[in-house]
Amino acid sequence: MSQANILVLFAHPSQHRSEVNAPIFKLANTRDYVTAVDLYAEYPRLNIDIDKEQQRLLAHDIVIFQFPIYWYSTPAILKEWQDLVLEYGFAYGHHGKELEGKTFLCTVTAGGSNDAYRRGGHNNFTVRELFRPLEQTAIMTGMHYLPPLTLFGSRTAADDDRLNQHLNYWQIALEKLHQGAINPEDAEHFDTLNEYLAQQGWCGSENTGQQNPAANPDKGEML
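Position 104 of the sequence shown, counting from 1, maps to 104 under this note's numbering, and the rest follow consecutively.
Source of the hints: derived by calculation from the structure; they are not laboratory data.
Treat each hint with caution, since some may be false.
[To be verified] Under the rule of at most 20 Å between Cα atoms (straight-line distance), these lysine to aspartate or glutamate pairs were calculated in the DMTMM-like manner:
hint, residue 1, residue 2
1, Lys52, Asp38
2, Lys102, Asp159
3, Lys26, Glu42
4, Lys97, Asp83
5, Lys52, Asp83
6, Lys79, Asp51
7, Lys26, Asp159
8, Lys26, Glu175
9, Lys79, Glu135
10, Lys102, Glu175
11, Lys79, Glu42
12, Lys52, Glu87
13, Lys79, Asp38
14, Lys97, Glu135
15, Lys97, Asp51
16, Lys52, Glu42
17, Lys26, Asp161
18, Lys102, Glu42
19, Lys79, Glu53
20, Lys79, Asp49
21, Lys176, Asp186
22, Lys52, Glu80
23, Lys52, Glu19
24, Lys176, Asp191
25, Lys102, Asp83
26, Lys97, Glu53
27, Lys52, Glu100
28, Lys176, Asp32
29, Lys102, Glu135
Take these sequences, add in the hints, and give me the full structure.
What follows is the structure, encoded as structure tokens:
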């Protein structure tokens, strides 16, 4: 089985305030099969180089967006990146087949607990439901979509050792993606990739940060 090259596109406009996304990105940077790109560092004025980014996509088998949840979505640069890079004739359209067969997923941090992200919870929807536009983007461009790898309760994750637990999940996810061991058809039945990894027996059960969900709305998450 051929091994996959992974592209991680990291978006965090306030990294100096980050306690959890910085080590997640740092870990990805240590893997020789991962190209880890800090989009805000590379494009501080959002002047994205379309040709460069399209070549990056062509050179990799798996595309990962890494970001803290901002108002139930991505930081601005990832929306700009999508609007510019995923052009007609490249990513979609009659001749836009360049991304077909690749795999796409997100690795995200959420200030709220797992219980906050469900029907009747403080945020009313699961993280996967909130990311339906990204899932449809993957479908539109012919990519396999995986549910998001999610760190819930990220505001306290560094203090109560859940960050280290999540980094282990992240490391295993990268390894299994590189090895081609994750089956998108099996993973699609889960709300998070964490649940799939645990179900496969690759990771133990994860503490999902069950704090008071009402105390943790994600409104401009800065972690």
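These are the hints, each one checked on the structure:
1. Lys52 - Asp38: Answer holds: Lys52 to Asp38 is near 14 Å, not above 20 Å.
2. Lys102 - Asp159: violated, 36 Å
3. Lys26 - Glu42: Judged against 20 Å, a Cα distance of about 16 Å means the pair holds.
4. Lys97 - Asp83: Judged against 20 Å, a Cα distance of about 17 Å means the pair holds.
5. Lys52 - Asp83: OK: Lys52 and Asp83 at ~15 Å, within 20 Å.
6. Lys79 - Asp51: holds, 17 Å
7. Lys26 - Asp159: holds, 19 Å
8. Lys26 - Glu175: Measuring from Cα to Cα gives roughly 15 Å; hence the hint holds.
9. Lys79 - Glu135: Given that 20 Å is the threshold and the Cα spacing comes to 14 Å, the pair holds.
10. Lys102 - Glu175: holds, 17 Å
11. Lys79 - Glu42: holds, 16 Å
12. Lys52 - Glu87: Within the cut-off at roughly 13 Å; holds.
13. Lys79 - Asp38: holds, 15 Å
14. Lys97 - Glu135: The hint holds at about 17 Å.
15. Lys97 - Asp51: Answer holds: Lys97 to Asp51 is near 16 Å, not above 20 Å.
16. Lys52 - Glu42: Satisfied, since the Cα-Cα distance of roughly 11 Å is no more than 20 Å.
17. Lys26 - Asp161: holds, 17 Å
18. Lys102 - Glu42: violated, 24 Å
19. Lys79 - Glu53: It holds: about 14 Å lies between the C-alpha atoms, which stays within 20 Å.
20. Lys79 - Asp49: Cα-Cα ~14 Å, so holds.
21. Lys176 - Asp186: The hint holds at about 14 Å.
22. Lys52 - Glu80: Measuring from Cα to Cα gives roughly 15 Å; hence the hint holds.
23. Lys52 - Glu19: This hinted pair is violated, its Cα atoms lying about 30 Å apart.
24. Lys176 - Asp191: holds, 18 Å
25. Lys102 - Asp83: Between Lys102 and Asp83 the Cα gap is close to 19 Å, so the pair holds against 20 Å.
26. Lys97 - Glu53: holds, 16 Å
27. Lys52 - Glu100: This hinted pair holds, its Cα atoms lying about 19 Å apart.
28. Lys176 - Asp32: Holds, at about 14 Å.
29. Lys102 - Glu135: Status holds; Cα separation ~13 Å.
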